[in-house]
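Undergrad: Go ahead and model the full structure; you've got the sequences and the hints to work with.
Residues in the sequence shown are numbered from 15 upward in steps of one, following this note's numbering.
Simulated from the structure, these hints should not be mistaken for lab results.
We put the CB at the ideal spot given by N, CA and C, even for glycine.
One or more hints might be untrue.
[To be verified] Label pairs and their in silico Cβ distance ranges:
#1 His-157 x Val-59: 38 to 44 angstroms
#2 Asp-182 x Val-227: 32 to 38 angstroms
#3 Leu-145 x Ala-46: 47 to 53 angstroms
#4 Pro-77 x Arg-160: 35 to 41 angstroms
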Amino acid sequence: MPRRHLLSTPALLVAGGYLVALAVATVIALTAGDLGVLSRVTLSVAAGEGVAATWPNVLALVPAGMAVAWALWQGLRGPLAGPPPELDRDTRRLRVTLYAAAASWLLFPLMASWPWWAAVLDTVVMSVLVLRFHPVLARDLAHADRVRAVGVVGYGGSAAAALLEVLDWPVPGLLPVICGLAALIWTVLVLRAQRRDGRWQPATVRYGIVSLVLALAAPLIGLLPFGPDTLLDAAAAVGGALGMVWLARSSHDLADPRHQPAPHPSTAI
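TA: Put into structure tokens, the structure is as follows:
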């Protein structure tokens, strides 16, 4: 029998409401020939100029919407119901930061465009996440201090680059490349450490891996000489949704009641 999560009902209502909106937007795209509503629902942005509501474009966006609905369900339902295990201060802080990082993904549907402050906020939250992951995963990370430094370079550097752009100051040409590579290396090492640590479910780690693979595949998808016009954006949306699932589930798993130590035989009733 499936275990119940703390917030199953509200999460189901939100995800179900989103699926209804996705269905309506799909019908509008196919009957009225207007991709605007479907693009807004699935990608949180208006349809690109010259992108028609063709079957291939619609079929590329619908799976992206399904991934968003799944992310809402996985993220909002919370941890499993039951008494949580005793958590130390570092683990509690990590859980809060993981939820904050996942919540930043939810800002996309609420904004007509991605403003500078949201981009800075996202990178700052991820920089804090790097620091909060370190004490919790240090035992499973070889050269943990170096891994932390790589993460700070990746996300802290991205935050600095975003601020330089806002101030209209020149951004060193190699900075985005260095930050992207550093963030990639940090994510791979953290996923590897999570896989070794018994506090995270294998499915949680797999969500992170698939999200990372889609992020790496995006440039290759953009080079394809064929396929729907919306394929690249749809793949990015799926990757972002699965990344949000990884962050949320990483926090859920830390409060899993099954991690509660079993009672000693002498004290069991």
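Undergrad: Which of the stated hints cannot be reconciled with the structure, identified by number in ascending sequence?
TA: none
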